[in-house]
Every structure is written in structure tokens, then in C-alpha cells.
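So the chains spell out like this:
Number of protein chains: 2
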Amino acid sequence: MVNPLLAPELRELLAEKSYGELCEFCDSIHPAQVAEFLSALNPKEIWEVLSHLSPHLRGEVFSHIDEDVQLEMIQTLGRDVMGKLLSDMPPDDRVDLVKQLSDEQRQAIIPAMAQAEREDLRRLIAYPEGTAGSVMTSEYATLTPDLTVDEALLKLRREAPDKETIYYCYVVDENHRLKGFISLKDLIVAPHGARVKDVMYEDVISARASDDQEEVARKIQKYDLLAIPVLDDDQRLVGIITHDDAMDILQQEQQEDVEKLMAIGGTHEVGVYTKLSAWEHFKSRTPWILVLAVMGFVSGFIIQSYEGILLQVAILASFMPMLTGTGGNAGSQSATLVIRALAVKEITVKDSLKVLFKEFGVAFLMSLVLASIAYLRVIVFYGDGAALNHITPQAVGLAVALALALQVIVSTLIGALLPLAAVSVKIDPAVVASPLLATMVDIFGLLIYFNVAKLILGL
Amino acid sequence: MVNPLLAPELRELLAEKSYGELCEFCDSIHPAQVAEFLSALNPKEIWEVLSHLSPHLRGEVFSHIDEDVQLEMIQTLGRDVMGKLLSDMPPDDRVDLVKQLSDEQRQAIIPAMAQAEREDLRRLIAYPEGTAGSVMTSEYATLTPDLTVDEALLKLRREAPDKETIYYCYVVDENHRLKGFISLKDLIVAPHGARVKDVMYEDVISARASDDQEEVARKIQKYDLLAIPVLDDDQRLVGIITHDDAMDILQQEQQEDVEKLMAIGGTHEVGVYTKLSAWEHFKSRTPWILVLAVMGFVSGFIIQSYEGILLQVAILASFMPMLTGTGGNAGSQSATLVIRALAVKEITVKDSLKVLFKEFGVAFLMSLVLASIAYLRVIVFYGDGAALNHITPQAVGLAVALALALQVIVSTLIGALLPLAAVSVKIDPAVVASPLLATMVDIFGLLIYFNVAKLILGL
Numbered sequence: 336m337v338n339p340l341l342a343p344e345l346r347e348l349l350a351e352k353s354y355g356e357l358c359e360f361c362d363s364i365h366p367a368q369v370a371e372f373l374s375a376l377n378p379k380e381i382w383e384v385l386s387h388l389s390p391h392l393r394g395e396v397f398s399h400i401d402e403d404v405q406l407e408m409i410q411t412l413g414r415d416v417m418g419k420l421l422s423d424m425p426p427d428d429r430v431d432l433v434k435q436l437s438d439e440q441r442q443a444i445i446p447a448m449a450q451a452e453r454e455d456l457r458r459l460i461a462y463p464e465g466t467a468g469s470v471m472t473s474e475y476a477t478l479t480p481d482l483t484v485d486e487a488l489l490k491l492r493r494e495a496p497d498k499e500t501i502y503y504c505y506v507v508d509e510n511h512r513l514k515g516f517i518s519l520k521d522l523i524v525a526p527h528g529a530r531v532k533d534v535m536y537e538d539v540i541s542a543r544a545s546d547d548q549e550e551v552a553r554k555i556q557k558y559d560l561l562a563i564p565v566l567d568d569d570q571r572l573v574g575i576i577t578h579d580d581a582m583d584i585l586q587q588e589q590q591e592d593v594e595k596l597m598a599i600g601g602t603h604e605v606g607v608y609t610k611l612s613a614w615e616h617f618k619s620r621t622p623w624i625l626v627l628a629v630m631g632f633v634s635g636f637i638i639q640s641y642e643g644i645l646l647q648v649a650i651l652a653s654f655m656p657m658l659t660g661t662g663g664n665a666g667s668q669s670a671t672l673v674i675r676a677l678a679v680k681e682i683t684v685k686d687s688l689k690v691l692f693k694e695f696g697v698a699f700l701m702s703l704v705l706a707s708i709a710y711l712r713v714i715v716f717y718g719d720g721a722a723l724n725h726i727t728p729q730a731v732g733l734a735v736a737l738a739l740a741l742q743v744i745v746s747t748l749i750g751a752l753l754p755l756a757a758v759s760v761k762i763d764p765a766v767v768a769s770p771l772l773a774t775m776v777d778i779f780g781l782l783i784y785f786n787v788a789k790l791i792l793g794l
Numbered sequence: 336m337v338n339p340l341l342a343p344e345l346r347e348l349l350a351e352k353s354y355g356e357l358c359e360f361c362d363s364i365h366p367a368q369v370a371e372f373l374s375a376l377n378p379k380e381i382w383e384v385l386s387h388l389s390p391h392l393r394g395e396v397f398s399h400i401d402e403d404v405q406l407e408m409i410q411t412l413g414r415d416v417m418g419k420l421l422s423d424m425p426p427d428d429r430v431d432l433v434k435q436l437s438d439e440q441r442q443a444i445i446p447a448m449a450q451a452e453r454e455d456l457r458r459l460i461a462y463p464e465g466t467a468g469s470v471m472t473s474e475y476a477t478l479t480p481d482l483t484v485d486e487a488l489l490k491l492r493r494e495a496p497d498k499e500t501i502y503y504c505y506v507v508d509e510n511h512r513l514k515g516f517i518s519l520k521d522l523i524v525a526p527h528g529a530r531v532k533d534v535m536y537e538d539v540i541s542a543r544a545s546d547d548q549e550e551v552a553r554k555i556q557k558y559d560l561l562a563i564p565v566l567d568d569d570q571r572l573v574g575i576i577t578h579d580d581a582m583d584i585l586q587q588e589q590q591e592d593v594e595k596l597m598a599i600g601g602t603h604e605v606g607v608y609t610k611l612s613a614w615e616h617f618k619s620r621t622p623w624i625l626v627l628a629v630m631g632f633v634s635g636f637i638i639q640s641y642e643g644i645l646l647q648v649a650i651l652a653s654f655m656p657m658l659t660g661t662g663g664n665a666g667s668q669s670a671t672l673v674i675r676a677l678a679v680k681e682i683t684v685k686d687s688l689k690v691l692f693k694e695f696g697v698a699f700l701m702s703l704v705l706a707s708i709a710y711l712r713v714i715v716f717y718g719d720g721a722a723l724n725h726i727t728p729q730a731v732g733l734a735v736a737l738a739l740a741l742q743v744i745v746s747t748l749i750g751a752l753l754p755l756a757a758v759s760v761k762i763d764p765a766v767v768a769s770p771l772l773a774t775m776v777d778i779f780g781l782l783i784y785f786n787v788a789k790l791i792l793g794l
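Protein chains in written order, with our numbering: chain A, 336 to 794; chain B, 336 to 794.
Just chain A, same shape as in the assembly:
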């Protein structure tokens, strides 16, 4: 769709100062595509192009430019230029960018912004990270209840260029309290003489500014909304969150869950893999690996204290990796499914018993299969008893099979229990699951193994 050959042409238009053509070109394609073209230019050239666009388009294009380039432009261009650019940006993207600036930069640029936008920024930036308030925008369309449908359409037509969306309109009273909702589709279909209050929906699906952003995004997903209104504690409309931001939030949150599960610390935003240096990767990735490695020493102590058993039946050492590994896999299966079911609110802590019963059932069936295979494995390879130091292969097979069965059941239950326990004490289950699970599964697995072996082999 985007023709990379057009970037030189863009430069040519710039050199020739054919600003009319330039604007026409930028007007004819999606702002994100304009931003892609601009990424081939330097900050001064980018501003040269942007300065000739309409304020609204300029803000849209700038907000689609890579954050790195945005920050480079802030460093390169003067505070007046940047104050202007920030004023033109969509309010939610503006907040995101300003959050990336140093205190110094903020103090230089913010006073250069237009007053209304400055106040809007101060208001939005005050909401704590992760709340609905921190991701909402203030460019929404409002109507009052007594307008006629025709007056409402006229108002929307006038205001359309400045609003993030005019497809959803929120009806507010004189105190800006949310009274209803009407879509542009409803307005267009409504009889001309009708008043907004007669055709609006009074039962509006809404969110609070203090709500968790993921929860609000899920509401948008559940009800297939284009946007959701965000209210303060007095039912006053303070912003909206649009479907595209909800999509980004859900993706971000799910990605964070995966990375926590896979023992990757820090927040790796989607699409920054190549941008972070090896040193930055090192800093964010090492802590978890380190914690897990140190926890791994615990298994070492257990093995050391059962050293005598290994020296008597050396072959037992060769089943250790399979045993701990299978336990780890079974545990992370159940943990992943339970974490996801909790995240989408399919289950709550109240369902713990039901979940544990189901996981026990799954693990029991699984352990039958795995134990049989482990038993056969021992009989087939050590059936002659040569490597077994006067213990029958049947006994060794039984010990390995029984230990594996117990290990799978215990690990599956730990995998299900940990996220439930984490949620009940209000910890993010994805954070707690990975390191604790790995360690606990290893410890229980080894203890089960050595004790079962002691018992069955009479060591």
C-alpha cells in the first residue's frame, strides 16, 4: 500500500517548495502512512512538511511518528515549534509523549503550549498509570438533552474536525453529568423533529476514571463498542477511551502476562526488541534468571542430601531431568490456563475448589499414561538388570512410575493453586507463577522421587 518510492518525491516537493501539492498528497492518504513517509526525513524536514498541514492533520501525523523520532524532534526543534506541535496532538497521545520527557524538557515545552491544551494536559497527566483516566482522551462529542436531532447533527457537523470520534455522542446536563448516549447512526435514522432526550439511550455502558485500564478495554471488547465514556466519582464525563486504544491495551497486557510467565522482567513494549541495546536487554532480563538460578540451588541441596541413594543406584540420577521437566510442563500448563481464565473473568477465587477438582481429574488421567510409559521405558532398557546393582528392574520401574505419577498430580495442582492464591492476596498471578512454580515443582519433585525410591527399593 505504501509506496517507498514516494519518499524521494516528497523531498523533491519540499525542495521545490510545492507546498500545495505536498498538502494534497498528505491529505489523500492515512496519517499513519504520511508518518511512515516522513520517517525517511530528518527532524527539520519533517517539521517543514508538518508546518504546511492543517493543525488537525499535523497533530494526527505527528502522533503516528515513531516515539524515538518524536523525542529527537523535541531535542532538535525549538520550544515554540514543539509547543505548537504538542498543542495539535490528540490529547491521549500528547499525554503519552509528555510522560517520556525529562522534567527539564517538560518545563521548557509545556508553557509554550496553547492554554486550553496545557490545562487539558495537566488534567489528564494526573491520573495514575494503568487507570482508565491515564489512557482516555478529552476530544469527544457531547450533546444536550433538549437539542432537536437536526440541531444535534448541525453541531456535530461543525465540531467534527476536532473530535476523535463523532460516531458516539454523549448527552450531558449543565454540570457535565452523563445523562445518555446516542450514536450518529441513531441520530441519522431518528425522525427530524425529535429531541435528543427522546431518542437517546439512558442506560449507558461506562467506566470510572480510577478503573483498571485492562478491565475497561475488556468492556469495550465485550460490547463491541467504538468508545466508552469515562466518569469521575460525581458521574461527570471526563473523557472517553476509543476502540483502537482498547485494542492496544489488551495486546500490551497480554504480552506482559506472557513475558512474566516466560521469566522476562521489566516491561518490553511490543515492537521495541531491536531498539533496546544488548545492555538494556541484559539489565531487564537478568534479574529473573538470577532469582531462578539461586532458587535452583535449593534443588541442589536436596540432591546432595540424598546423595547416598544416588551412589547406591546410580541409574536413578538419569531420570531426574525427565521427572522435574515433566512436572514443570504439567504445572505451567495448568498455571497458564488458570491465569487466562482468571484474566478474562471466566473464573474467580470462589471457584478454586472446582478448578482444583478439575485439575486433579486431568492430572490423574495424565499420570496414568505417563507412569505406564516410564515403567515400560525402565523394563525395556534395563530389563536385564545389569545396571541396577542387584535391585530388580520391576522395582526400579515401579519407583520411577509412581514418583512420576505423584509428581504430575502435585505439579498440576501447584500450577492451578498458585495463581488462585496470588489473586486472593491481590498479587498479579502471572508474576508469581513462573519463578515460584519452577522452584516448587523441582523441590517437590525431587523429594517425592527420593522418598518413593527409598520406600520401594528399601534403601
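No wet-lab data here; the hints were simulated from the structure.
Some hints could be false.
For chains that are exact copies, the list does not tell them apart, and a pair is met inside one copy or across any two.
To be verified - Dumping the calculated BS3-like pairs for lysine-lysine here, alpha-carbon to alpha-carbon at most 30 angstroms: (1) Lys520 / Lys490; (2) Lys689 / Lys610; (3) Lys532 / Lys498; (4) Lys761 / Lys434; (5) Lys618 / Lys689; (6) Lys514 / Lys689; (7) Lys434 / Lys379.
On the provided structure of chain A, position chain B as indicated by the hints.
Here is chain B on its own, set in the frame of chain A:
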């Protein structure tokens, strides 16, 4: 938002046959909320309510009802009722439901549908699973280039009730080839006398029916679209995919990736954890665990063949879990990040060398830290040499530290390499990463460990 106390009230309205009030109530809230209320009723009661709603709302509500209940209704209610209900459903949801039916059920119900909907269903259901065609809907709004803006608005007003969205309109010629795009916002703002062809965008962001559904969903996300037009090979418009379906697709695909990474076979749709029985969980989850366990036997053979070393320096066995575990963690870190970067197209196979260099850098730094800690661990706990069978603690510490360093570097590189290799031979990287990675990391880790120990301890 949804008041659970209203379900009995709904039943009362039904019993009293207050159908007017019933419809008014259902009209005043979101179709998904109506569906939630209805879930408390039995199939016959649900139909009783639905039959009194407008066809459009009936279809919307029915498509929001749980799939289980939908299927139950199909079993319970007659073919004429179901043919009617299916005819009223949004085309994309209808296709999804029909795909769940048995051949017998299809043959019974499809002939009972209205002809236009029947043909639409036959057309949509033909697209292979996973393509854009398989998730698109055919209820979109079209305009012709020569219409005036006022005529266009009039047409939209008339057609609005039957369209999934009228906010994006697609301009087609007499052969239904896509010529342009215009949003309702653009139409409302445009001068009254203008023609559609003068104000439409000609450069339309579109997809092909054969495109991968995830790719198309990402396009919708990238350009913040409400919908994307889907074209056949002759540039003819055959459907649209809307933002809410894109959100569901992205979530589904990401979830599938996680489950593949966490060794969970089969496709677990979001929200079906509790619906699947323990037996069904067992069937879908066991295969991976089994494959991984059998692959774990390979590590067993390696340990067995180096048994002599363990018998000479028994303490070496106690470091095995930490060594293989740390390798596994480092490998799955890099694999997860590389898989994600590939999925969002941040990197391609062409960047393999760059990725490997970066991962080597990260792993090298990480291995320095981990090796130091492992060395200290040995010195601190075995400094007196008592447990070491006449080998100096310094030598054991060095062997463990060096083996761990090599293991972290090798595992990290394997973790990065596997997804890249998978993509270059067109296999889903998430599928290949988990089992192969775990096995390879264990095997390489043990080989490195025993050989480093042999070399340094002179065994």
C-alpha cells in the same frame, strides 16, 4: 451495569404476555446485555422473547448468546424457527455458528433460511479457516461515485438498520470493484452539492480474501480503522472485517501463541476453561506433555553415559537441575522475545545475524554474572573440601561456573535461532519453540557440563 434482579422480572413480563414492555426493555439496553438476561431462561422462553423483537435486534441478541445455548436452541426448536433466527443473524456470526453444526443439522436448517441469506452463507462459508474471507461480514454500506453527498446520506439513512456499520462507506463501480472510501464523518462535513467521487479517498487500505486473518487484524490495529474492505482477486469488494472482530482475532492468536509456548496442545478458545470437561482437557493437554517426557529420556541417556563422573564426584549431580533450569529460562526468554518480534513484523528472517549478535551480547553479560555467583556458591558451601573427594573446591567451582556460562550462551542462542529457523521453513515458531527448545537445552547443557567437568577436574 447489568442488574441480575431483572431476570425474574423478564419472566414475569413473559408470563403476563406484556410484549410491548418486553420489547421496550430489550430496546433500551445493549444486545449483549439482553443476551445475558436471556441466559437465565430456557430455549423455548428465549425464543418467546426473541420472536417479539425486530428482526435486526433479534439477530444481534441471538448472536451474543453463548454458543452452548445457541446449539441447545438449535436442538430444541424446530427447523423453521431456527432457519428464521439464522437468517436474522449478522452474516459473520452466522457462519461461525453454522461451522459448529453437524452435517445433518446443516441439511435440516439451511434450506429453511431465507434465500438471500442462504446464498450469502454458502459464499462466506467457502473461505478457508484462518483467512480474511472466513471472518468477514457481508453487511457493509456501498455508494456509487456519481451520487451527490446528499443522495449518499439519504441512502445511508435508509439502509442503516441493515448494515453492520455505516460509518465507513465503500465506493464501488458497476462491477462492484472498489474505487474509493469515505467515512460518514467526511460525508457530513462535505459541501452539500459535492459528488461522492470528489470527496472520497482513492487510496484505500484494503485486504484480500485469502490474506491471513491475523495480518489483516494487525492492519486494522496499525491504522486505527473501524473496518477494512476485503477484495477478491479481481479487486471486487466481497466483504468487510470490523474492528471488534479484529480485536477478537488478535486476542485469539496471541492466546494460541502463549499456549503453544506453554506446551498446551489443541486450541483452547478464550473463556472455555470451565466448559471443557476434565476428559477433554486431558485429551488436548496430554500429547505435548507426553512428547516432552519422552524427549526427556534423551537427557537420561546422557546422564547414564557419564555415570562414572557422577560416581567419582557425587556433588556434581546436585548442580544439574540449576544448570539445565537456568539454560531453559534463558532460552525461553530469548525465544519469547524473538517470536513476538517476528509476529509483529519488527524483525524478519533477514535480521537473523543481527538478532544472534544481540542475543550473544546479552547472554555474555548474563553469563558473567551467573558464573560468578555459581563459583561463589561452591566456594562458600564446599570451601573445606570435605565433600569433594580430593578435588579442590576451586576446581569444582571453576567447572560449574564455566559450564553455566557456556550453557547460558548456548541456550540463549538456541532460543533465538529456533524461531528464526522455523519461520524460514514456514513453520509456526511458537509451535516449534517449546518442545524442541526444552530438549535441546537439556541435551546441550548436560553435554557441556560433563565435558567441562572432565576437562577441568581431569576425570
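Each hint, compared with the structure:
1. Lys520 / Lys490: both (15 angstroms within a copy, 13 angstroms between copies)
2. Lys689 / Lys610: Between copies only: 12 angstroms across, 45 angstroms inside.
3. Lys532 / Lys498: Both: 22 angstroms inside a chain and 25 angstroms across chains, each within 30 angstroms.
4. Lys761 / Lys434: Classified as within: same-chain Cα gap 27 angstroms, cross-chain 40 angstroms, threshold 30 angstroms.
5. Lys618 / Lys689: between (41 angstroms within a copy, 19 angstroms between copies)
6. Lys514 / Lys689: For Lys514 and Lys689, neither the intra-copy (42 angstroms) nor the inter-copy (56 angstroms) Cα distance is at most 30 angstroms.
7. Lys434 / Lys379: within (23 angstroms within a copy, 55 angstroms between copies)
Against the hints set out earlier in the document, a violation occurs for number 6 only.
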